[in-house]
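One-letter residues, chain by chain:
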Amino acid sequence: MAMYYNDDQTMLSDTAGTFMSEEGAIAKQLRHWRDRDCPDGFGHALWKQFAEMGFTGMLVSEEDGGLGMGHVEAGIVLEEIGRNLTPSPFLTSSVMAASALGQGSAEMRGRWLPGLISGDSVFAVAVDEGPKHRPQNIACRAEKSGNGFKLSGKKTFVIQGASADMMVVAARTSGADDDNDGLTLFAVPKDASGVDQDPVRLVDSSMASHVTFDGVELDGDAVIGEVDGGRDILNAMLNAGRVGAAAEGVGVARGAMDITVDYLKQRKQFGTIIGEFQALQHRAAHLYSEVEIARAAVLKAQQKLDEGSENIDLFVSVAKAKVAKTASLSVKEGVQMHGGIGMTDEYDIGLFMKRDRALQEFCGDLYYHAGRVAELSGY
Amino acid sequence: MSDLEQFRSELRSWLEANCPEEMRQPARSEDDVFWGGRNPTFQNDAQKAWFEACVEKGYTVPDWPTEYGGAGLNAAELKVFRQEMNRINARPPLSSFGIWMLGPALLHFGTHEQKERFLTEIARGEIRWCQGYSEPGSGSDLVSLQTFGEDKGDHWVVNGQKIWTSYADHADWIFCLVRTDKSDKYRGITFMLYDMESEGVSTKPIKLISGRSPFCETFFDDVKVPKSYGENIPAQVGEVNRGWDVAKYLLGHERAMISGQSGGERTGSLGAALARNDMIENDLMRAEIAMFDIDALAFAAMAEKFADEIKVGKCHPAQPNMMKYAGTELNKAKHELVMTAGGSAALEWESDASKDGKHARDWLRTKANSIEGGTSEVMLNVISKRILELPGG
Ligand SMILES: Cc1cc2nc3c(=O)[nH]c(=O)nc-3n(C[C@H](O)[C@H](O)[C@H](O)COP(=O)(O)OP(=O)(O)OC[C@H]3O[C@@H](n4cnc5c(N)ncnc54)[C@H](O)[C@@H]3O)c2cc1C
Numbered sequence: 018m019a020m021y022y023n024d025d026q027t028m029l030s031d032t033a034g035t036f037m038s039e040e041g042a043i044a045k046q047l048r049h050w051r052d053r054d055c056p057d058g059f060g061h062a063l064w065k066q067f068a069e070m071g072f073t074g075m076l077v078s079e080e081d082g083g084l085g086m087g088h089v090e091a092g093i094v095l096e097e098i099g100r101n102l103t104p105s106p107f108l109t110s111s112v113m114a115a116s117a118l119g120q121g122s123a124e125m126r127g128r129w130l131p132g133l134i135s136g137d138s139v140f141a142v143a144v145d146e147g148p149k150h151r152p153q154n155i156a157c158r159a160e161k162s163g164n165g166f167k168l169s170g171k172k173t174f175v176i177q178g179a180s181a182d183m184m185v186v187a188a189r190t191s192g193a194d195d196d197n198d199g200l201t202l203f204a205v206p207k208d209a210s211g212v213d214q215d216p217v218r219l220v221d222s223s224m225a226s227h228v229t230f231d232g233v234e235l236d237g238d239a240v241i242g243e244v245d246g247g248r249d250i251l252n253a254m255l256n257a258g259r260v261g262a263a264a265e266g267v268g269v270a271r272g273a274m275d276i277t278v279d280y281l282k283q284r285k286q287f288g289t290i291i292g293e294f295q296a297l298q299h300r301a302a303h304l305y306s307e308v309e310i311a312r313a314a315v316l317k318a319q320q321k322l323d324e325g326s327e328n329i330d331l332f333v334s335v336a337k338a339k340v341a342k343t344a345s346l347s348v349k350e351g352v353q354m355h356g357g358i359g360m361t362d363e364y365d366i367g368l369f370m371k372r373d374r375a376l377q378e379f380c381g382d383l384y385y386h387a388g389r390v391a392e393l394s395g396y
Numbered sequence: 003m004s005d006l007e008q009f010r011s012e013l014r015s016w017l018e019a020n021c022p023e024e025m026r027q028p029a030r031s032e033d034d035v036f037w038g039g040r041n042p043t044f045q046n047d048a049q050k051a052w053f054e055a056c057v058e059k060g061y062t063v064p065d066w067p068t069e070y071g072g073a074g075l076n077a078a079e080l081k082v083f084r085q086e087m088n089r090i091n092a093r094p095p096l097s098s099f100g101i102w103m104l105g106p107a108l109l110h111f112g113t114h115e116q117k118e119r120f121l122t123e124i125a126r127g128e129i130r131w132c133q134g135y136s137e138p139g140s141g142s143d144l145v146s147l148q149t150f151g152e153d154k155g156d157h158w159v160v161n162g163q164k165i166w167t168s169y170a171d172h173a174d175w176i177f178c179l180v181r182t183d184k185s186d187k188y189r190g191i192t193f194m195l196y197d198m199e200s201e202g203v204s205t206k207p208i209k210l211i212s213g214r215s216p217f218c219e220t221f222f223d224d225v226k227v228p229k230s231y232g233e234n235i236p237a238q239v240g241e242v243n244r245g246w247d248v249a250k251y252l253l254g255h256e257r258a259m260i261s262g263q264s265g266g267e268r269t270g271s272l273g274a275a276l277a278r279n280d281m282i283e284n285d286l287m288r289a290e291i292a293m294f295d296i297d298a299l300a301f302a303a304m305a306e307k308f309a310d311e312i313k314v315g316k317c318h319p320a321q322p323n324m325m326k327y328a329g330t331e332l333n334k335a336k337h338e339l340v341m342t343a344g345g346s347a348a349l350e351w352e353s354d355a356s357k358d359g360k361h362a363r364d365w366l367r368t369k370a371n372s373i374e375g376g377t378s379e380v381m382l383n384v385i386s387k388r389i390l391e392l393p394g395g
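If you read the protein sequences in the order shown, they are chains D and S.
18 is the number of the first residue of the first sequence in our numbering; add one for each residue after it.
3 is the number of the first residue of the second sequence in our numbering; add one for each residue after it.
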């Protein structure tokens with residue numbers, strides 16, 4: 018597959034770019050909701066607009082009413098989300114939950130996917146159980162009970178958990194906490210009794226929940242895929258999330274770079290535009306190189322996912338880790354090259370730094386993925 | 003026992019008797035820092051008792067002369083003082099821009115009467131100062147500043163705007179760079195001292211990305227600054243139109259101070275602290291933290307060396323720039339690692355568990371370290387030109 022966008026993808030990139038920079042703009046969405054202490058951390062009206070644009074069901078198959086597109090296309094939307102810091106449930110609902118639900122029964126898909134496609138529903142994913150991403154260890158348990166299950170345990174960092182109509186929960190149905198097998202994914206509806214949400218606002222103004230399941234009764238058709246056979250679906254969902262977060266991270270890196278380069282062209286000190294200082298020019302040029310490379314790494318991983326290649330894990334971790342390094346560089350350089358004004362809430366550059374921080378942690382940080390790169394490369 | 007050991011042992015007993023238990027732990031938040039001022043607010047009795055005990059001994063400014071409120075410690079004694087304070091984790095009894103910035107400039111350039119008045123006030127925590135250097139158009143290029151003081155015989159009339167003035171809204175007085183001669187860039191600036199309650203002074207807080215607002219825009223609208231506050235107490239430090247020399251001298255102290263607060267005064271291992279809380283997730287993170295610890299422990303050695311050398315004039319006069327550069331970059335790196343080790347828990351911004359986002363807000367605050375007091379780029383420019391004597395500009 019050629020490593021550039023085809024005509025349709027180019028068109029999508031233009032449409033998504035225009036849409037996000039207008040409707041999803043920082044002033045209109047992120048600041049708007051933040052300054053109103055919005056308990057969701059995003060606007061439902063915008064989510065409906067996402068649906069009208071055809072974004073919400075991009076990854077849903079055509080037979081289920083979606084567009085049957087791939088991770089390259091979802092990544093195009095995510096990169097624009099990143100550039101504009103547009104808060105939305107796209108990554109968790111349309112990329113991660115949709116990826117898991119795609120593996121569910123016809124009944125399961127019929128129950129949840131129409132709401133996703135229409136923009137009426139929001140989904141969350143509940144995997145992590147501590148402050149770090151450690152999906153090899155899942156302690157949350159679902160015990161057999163009658164025809165169904167009883168779910169107990171705790172999840173952390175559940176993005177938009179309290180706003181979600183349904184949560185995809187990774188739980189253990191057999192074996193020890195660190196067993197590879199014995200996992201099952203469940204679609205847990207919002208109104209299930211025994212679910213306790215403790216929502217907190219994060220540094221990037223998004224909302225995440227600490228969720229406690231206290232003997233939550235689920236019937237058998239809440240199971241996504243096979244009982245005890247959830248590991249593969251979980252891995253696929255996490256890979257979709259990692260590549261998605263990487264695509265968004267490239268957008269964050271580019272957005273921060275763009276406003277910084279603009280600033281270098283405007284700010285005057287010592288009787289000249291600061292962009293004339295070679296010390297800054299070289300750093301901006303270095304940043305450009307890194308962002309281009311990170312973008313290529315992400316495109317590679319997206320294409321691998323779409324092709325369904327074997328051993329895509331390495332490319333996924335390379336993409337997530339490379340973006341972690343690049344976006345972090347971009348936001349740090351961004352604030353520093355703005356000088357004092359970069360420290361103010363009024364300027365947007367700090368918002369990029371905050372969003373990057375949250376994305377760094379999402380679905381595994383630099384060190385987690387660097388470890389996987391070593392392992393998957395055989396050392 | 004040598005005199006120095008005698009001093010150490012007396013100091014130890016004094017600290018034992020006078021430093022309350024509550025003051026023997028690092029400040030947990032900005033509320034734990036005592037800044038003094040006309041209307042001081044003590045957080046608790048322990049803070050007040052500790053401050054008052056130190057004022058009486060001159061320990062708010064231990065190396066200043068006793069006649070100006072200090073304890074008159076020599077370099078060796080000062081080192082012992084710092085060691086003993088650190089040993090019990092004693093908090094500084096008083097934090098102030100007067101101590102860190104204006105004081106050293108006054109000691110060097112002030113008249114005896116200026117010192118008697120202003121240094122004593124600073125040592126006793128009676129007046130809280132702010133720094134009026136930066137302007138919207140003059141940050142890194144500070145000398146281009148435009149705030150103008152018109153000579154009216156026995157007073158100046160000051161007009162203009164400063165920006166990023168830390169704590170201007172809480173300060174009693176300002177030390178301010180004011181242009182008094184438009185025809186000479188370097189020899190046309192006067193270093194003035196005046197009351198923030200003067201008519202025509204106003205401040206407007208600026209919100210930081212950490213969500214806090216410790217700095218302000220500061221406006222001067224026909225502010226009348228008397229030329230004298232009494233016999234031999236001129237309102238300016240140094241000569242009129244020669245304030246740039248004072249400004250630069252002060253910046254050297256400010257940079258050394260920022261460097262110290264950024265890392266030079268801490269010698270513990272970050273990795274050990276994180277490991278105690280079981281926060282080191284994997285071997286790669288461990289390696290990265292160890293790399294940091296190498297830099298940090300080496301820098302602590304450098305900081306001690308620098309502090310010893312600067313007292314006796316043995317280091318390059320531009321060395322504070324190197325210290326500021328290295329110390330602040332290190333502090334930023336440290337907080338990146340603390341955030342990473344903290345994981346999603348450290349992302350929390352508004353929760354009790356995170357003490358309202360302490361980790362995240364502190365992390366964001368450190369990003370200013372390499373901007374305030376002169377940016378890293380400016381430090382590197384100074385090192386290249388003044389220490390390495392590279393050509394250009
Ligand atoms: C938290 C905080 C507290 C502060 N407190 C005070 C205070 O109390 N009083 C006060 O007066 N000021 C204060 N300042 C202001 C501070 O001193 C200035 O922000 C700083 O000097 C930089 O100026 P600037 O913001 O105008 O940035 P600019 O000078 O506009 O710099 C923008 C960018 O250009 C770079 N740059 C500029 N010139 C060059 C060059 N020649 N070569 C290479 N790069 C260059 C800078 O390094 C920076 O990255 C504070 C700042 C902060 C962030």
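Take the hints with a grain of salt, since some may be wrong.
[As the list claims (entries may be wrong)] Below are the DSS-like pairs computed for lysine-lysine, each with C-alpha atoms no more than 27 angstroms apart in a straight line:
| id | chain 1 | residue 1 | chain 2 | residue 2 |
| --- | --- | --- | --- | --- |
| 1 | S | K360 | D | K349 |
| 2 | S | K357 | D | K349 |
| 3 | D | K285 | S | K357 |
| 4 | S | K360 | S | K206 |
| 5 | D | K285 | S | K154 |
| 6 | D | K285 | S | K187 |
| 7 | S | K357 | D | K282 |
| 8 | S | K360 | D | K282 |
| 9 | D | K342 | S | K360 |
| 10 | D | K285 | S | K209 |
| 11 | S | K206 | D | K45 |
| 12 | S | K313 | D | K349 |
| 13 | D | K45 | S | K209 |
[Unchecked claim] Among the chain D residues that face chain S by a calculated CB cut under 7 angstroms, a handful are:
| id | residue |
| --- | --- |
| 14 | P152 |
| 15 | G170 |
| 16 | K171 |
| 17 | F174 |
| 18 | Q286 |
| 19 | I290 |
| 20 | G357 |
| 21 | E378 |
| 22 | R389 |
In case anyone wonders, no lab produced these hints; they're calculated from the structure.
All C-beta atoms in this analysis are idealised placements derived from N, C-alpha and C, irrespective of residue type, glycine included.
Status of each hint after checking the structure:
no., hint, in the structure
1, S:K360 x D:K349, "20 angstroms, holds"
2, S:K357 x D:K349, "25 angstroms, holds"
3, D:K285 x S:K357, "40 angstroms, violated"
4, S:K360 x S:K206, "25 angstroms, holds"
5, D:K285 x S:K154, "33 angstroms, violated"
6, D:K285 x S:K187, "17 angstroms, holds"
7, S:K357 x D:K282, "40 angstroms, violated"
8, S:K360 x D:K282, "35 angstroms, violated"
9, D:K342 x S:K360, "24 angstroms, holds"
10, D:K285 x S:K209, "23 angstroms, holds"
11, S:K206 x D:K45, "26 angstroms, holds"
12, S:K313 x D:K349, "35 angstroms, violated"
13, D:K45 x S:K209, "20 angstroms, holds"
14, P152, "13 angstroms, violated"
15, G170, "17 angstroms, violated"
16, K171, "13 angstroms, violated"
17, F174, "4 angstroms, holds"
18, Q286, "4 angstroms, holds"
19, I290, "12 angstroms, violated"
20, G357, "5 angstroms, holds"
21, E378, "5 angstroms, holds"
22, R389, "10 angstroms, violated"
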